[in-house]
Amino acid sequence: MATFRLQGSKVLAVDLSGDAVRAKNGSMVAYEGDMAFKKMSGGGEGLRGMVTRRLTGEQLEVMEVRGQGVCYFADRASDITLLALHGDKLNVEASNLLCSDGSLRTGTTFTGLRGGATGTGLFTTTVEGSGQVAIMSDGPAVVLRVTPRFPLAVDPGAYVAHQGNLRQTFQSGVTFRTLLGEGGGEAFQIRFEGDGLVYVQPSERNTVGGDV
Amino acid sequence: MPFREINSKMVEATVAPGQRMFSQRGAMLAYTGDVTFTPNTAGGQGGVMAMLGRRAAGEAAPLMTVEGSGTVLFGHGGHHVQVIRLSGETLYVEADRLLAFDGTLEQGTMFMGSQGGVMGMVRGQVTGQGLFTTTLKGHGAVAVMAHGGVIELPIAPGRPVHVDPQAYVAHHGDVRNKLSTALGWRDMVGRGSGEAFQLELSGSGAVYVQASEEKL
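Listed in order, the protein sequences are those of chains A and B.
Our numbering applies: residue 1 is where the first sequence begins, and numbers increase by one.
Our numbering applies: residue 1 is where the second sequence begins, and numbers increase by one.
A couple of the hints might just be wrong.
Result set (DMTMM-like, lysine to aspartate or glutamate): computed pairs, CA atoms no more than 20 Å apart in a straight line [said to hold, decoys possible]: (1) A/LYS39 to A/GLU61; (2) B/LYS178 to A/ASP34; (3) B/LYS215 to A/ASP138.
Some residues of chain A that are not near chain B, with every Cβ distance over 10 Å (derived) [claimed, not checked]: (4) GLN7; (5) SER27; (6) SER78; (7) HIS86; (8) GLY139.
Simulated from the structure, these hints should not be mistaken for laboratory data.
Note that CB positions come from ideal geometry on N, CA and C, so glycine has one too.
Whole structure, please, built from the sequences with the hints as guidance.
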């Protein structure tokens, strides 16, 4: 199985011995040994995946990297976080997914109202199975644990990914004051309940919620 | 002249009388002591021929001479700064990535087209970095800029390194470079993996790669 390791906080090194990983298109910065790059499409494999892609617009531009040696990945100087999946599912914004083990399954799910407010579309990417994943964030990401007793509310613009058994609901703090243009700039949050981990970046994408 | 890394984006240099150094114009952030900064239109030393070479090559980054006694802080555009120490070897780096370097280093320009013939020329076009690159040779330190962090990958005989042309920062040592293509018909119809061109560096030395595909 491919081994992922971090070289500093912004470069991912992957040791390959004949196996494959999936990475964001064009994110390779250097390699040693023999590598082959093949474009793939997101939204899952097969006809269903293709239809999903067409419908959702979740354009996960990925390539399959297969080879023998070390391949280095980086993208726009984003910070990288490594995480491991043991048969569970990771939900991540397509733009935050850098690289995943070739044996993991990728797909697309509907996120509901949240997507509209995050500005990242109504659909999100899922990664399932056992293996390593590298996610990107604008600044070093923090991992926040959610337990049944401690739910978590996250700014949609700072949300990167989550894993585990979590329910997400969209909550709005829109009040009378917001309508008068006196909003605090934190009108919407995503609320996570259950048991799992949420990855949050120290930066905010431009969202509708930030303006109201 | 040693550079002291203050953080990942700033370096401090100590200037002593009788020693000089060069830096990119406008890269001084602060200084203490008695230091003068002189714009250097010739873009370095090396005589008239070297100057003409740089002019013709378009590799004349506006430099300034830093002299006097004191300490100077350098940084530019919030870019990551990497200090590379040279002990006799030659460093190949794009002029616009040079932040500051020791005045004792010998400057020159190198026609990349001559390394690898036609493919060398294509390299310049593809990388958008021109056909010429700056060389620095001797004993001393160089501070180069990059977007994001920099990793150093060693190049050994039989172990070439392939680099994305946009992520390439600099290299040193006895290294040959050539552009390798993985261009298939898929790239022609816009279905490429985005990794159509790579710079293959072989020989012995090291290459510096930035954590981004953005130019400075």
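Each hint, compared with the structure:
This hinted pair checks out: A/LYS39 and A/GLU61 have alpha carbons roughly 8 Å apart, not beyond 20 Å. Under the criterion of a C-alpha separation no larger than 20 Å, the hint pairing B/LYS178 with A/ASP34 is consistent with the structure, at around 16 Å. A hinted pair counts as satisfied when its Cα atoms are at most 20 Å apart, and B/LYS215 with A/ASP138 qualifies at roughly 18 Å. A beta-carbon of chain B comes within 10 Å of the beta-carbon of A/GLN7; the shortest separation is about 5 Å.
With 10 Å as the threshold on Cβ separation, the claim that A/SER27 sits away from chain B is violated: the shortest Cβ distance comes to roughly 8 Å. Distance check for A/SER78 against chain B: the nearest CB is about 8 Å away, which does not clear 10 Å, and the non-interface claim fails. The claim that A/HIS86 is not at the interface with chain B holds, since no C-beta of that chain comes within 10 Å of its own (minimum 28 Å). Every beta carbon of chain B lies more than 10 Å from that of A/GLY139, the smallest distance being close to 12 Å; the non-interface claim holds.
Of the numbered hints stated above, those contradicted by the structure are hints 4, 5 and 6, listed in ascending order.
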